[in-house]
Amino acid sequence: DAGITQSPRHKVTETGTPVTLRCHQTENHRYMYWYRQDPGHGLRLIHYSYGVKDTDKGEVSDGYSVSRSKTEDFLLTLESATSSQTSVYFCAISEGGQLAKNIQYFGAGTRLSVL
Amino acid sequence: AQKVTQAQTEISVVEKEDVTLDCVYETRDTTYYLFWYKQPPSGELVFLIRRNSFDEQNEISGRYSWNFQKSTSSFNFTITASQVVDSAVYFCALSDRNSGNTPLVFGKGTRLSVIA
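Going line by line, the protein sequences match chains A and B.
The numbering of the first sequence is my numbering, which starts it at 40 and goes up by one.
The numbering of the second sequence is my numbering, which starts it at 5 and goes up by one.
The hints are simulated quantities; they were obtained by calculation from the structure and are not laboratory data.
Using N, Cα and C, we set each Cβ at its ideal position, and we do this for glycine too.
Incorrect hints may appear among the rest.
Claimed, not checked - Distance ranges between label pairs, derived from CB positions:
| id | chain 1 | residue 1 | chain 2 | residue 2 | range |
| --- | --- | --- | --- | --- | --- |
| 1 | B | Y68 | A | G102 | 35 to 43 Å |
| 2 | B | A85 | A | T125 | 36 to 44 Å |
| 3 | B | Q61 | A | T52 | 42 to 50 Å |
| 4 | B | T84 | A | D112 | 24 to 32 Å |
One chain only, chain A, in its complex shape (with noise of 0.2 Å):
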């Protein structure tokens, strides 16, 4: 198994309140990735990672930002959470370079609940 952790794993949390999610790997994969999961949507990126202090945006960025200060975390924060933030986050790693697979790990996941 991929060496993904995420923490927390479940927060409760009131609307207008920061919270910031991590993703901590130990494969020094050059690619993190943040997902978030939610009914009939499937996955969708939010944010993602091609270095350190390199990022970009995903199609549903909106009230979210990033931060990667080394290669084996990535951080996610919601500066202020609300209730369409409700949601479970899946970070996700792969290898890079030219001869890499371009297979994305994923962690377990952390479930948010924005009261």
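Keeping the supplied structure of chain A fixed, place chain B upon it in accordance with the hints.
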């Protein structure tokens, strides 16, 4: 723009039946990658297979097989002799551009229930 369509929202079969999960994709790129992931009731996402666009050879892995047809932009997944443990949500996904490691575009998933 890329798009993945899994038209079957839910499928229910009796154990030992064969079942095919459909996946149709759209992309403008000539080089792309297709994936299937399994999400069992426990919630994790499990990688099943990756196929690149220039390899149309079908693949079989035990009871699982995949049929890739560029002519119809489809990448269908068949489970032979289904078992209760196959009950899960299955996602088809697409990654385009030949640089690899681009984010995945997922279909909405097909929930498979295998009844004993």
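Here is how each hint holds up against the structure:
{"no.": "1", "hint": "Y68(B) x G102(A): 35 to 43 Å", "result": "holds (38 Å)"}
{"no.": "2", "hint": "A85(B) x T125(A): 36 to 44 Å", "result": "holds (39 Å)"}
{"no.": "3", "hint": "Q61(B) x T52(A): 42 to 50 Å", "result": "holds (48 Å)"}
{"no.": "4", "hint": "T84(B) x D112(A): 24 to 32 Å", "result": "violated (42 Å)"}
Of the numbered hints given earlier, the model fails hint 4 alone.
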